[in-house]
Amino acid sequence: MANLIRAVFAFFWLVASGFVGFLAYIVVQTEGNPHILWGWLVMCAFTFIAATLLAYNIVFGYHHREDEPHHQDHMDNA
Numbered sequence: 019m020a021n022l023i024r025a026v027f028a029f030f031w032l033v034a035s036g037f038v039g040f041l042a043y044i045v046v047q048t049e050g051n052p053h054i055l056w057g058w059l060v061m062c063a064f065t066f067i068a069a070t071l072l073a074y075n076i077v078f079g080y081h082h083r084e085d086e087p088h089h090q091d092h093m094d095n096a
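Going by the working numbering, the letters in the sequence shown line up with residues 19 to 96, in that order.
Don't read these hints as lab results, they were simulated from the structure. A couple of the hints might just be wrong.
As the list claims (entries may be wrong) - Across the chosen pairs, the derived CB separations fall in these ranges: (1) Ile23 to Ile67: 17 to 23 Å; (2) Gly39 to Tyr80: 27 to 33 Å; (3) Phe37 to Tyr80: 23 to 29 Å; (4) Asn75 to Val46: 27 to 33 Å; (5) Met61 to Leu32: 16 to 22 Å; (6) Val60 to Ala20: 30 to 36 Å; (7) Trp56 to Ala20: 38 to 44 Å; (8) Met61 to Asn21: 45 to 51 Å; (9) Val46 to Phe78: 16 to 22 Å; (10) Gly50 to Tyr80: 45 to 51 Å; (11) Asn51 to Met19: 47 to 53 Å; (12) Glu49 to Ala25: 34 to 40 Å; (13) Glu49 to Leu72: 41 to 47 Å.
Built from N, CA and C at the ideal position, the CB exists for glycine as well.
The task is simple: from the sequences and hints, build the whole structure.
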């Protein structure tokens, strides 16, 4: 189940990254005011960074640590 959730979030990250890239491309092609253009590009960059950090935490965040004291208690009682 965890692998399915990770795969779904990885797919959502790909879709969101593609959409943010497409949005940045459209804004570069249509916006004439450089101040507004930079505002849009900064917003796209922050959106991409936020989506990337969220997806990274979900996809790579869980690591089973065997040296935790809680895990050792269960191993000693077995």
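Of all the hints given earlier, name the ones this structure violates by number, lowest first.
-> Structure breaks hints 8, 9 and 13.
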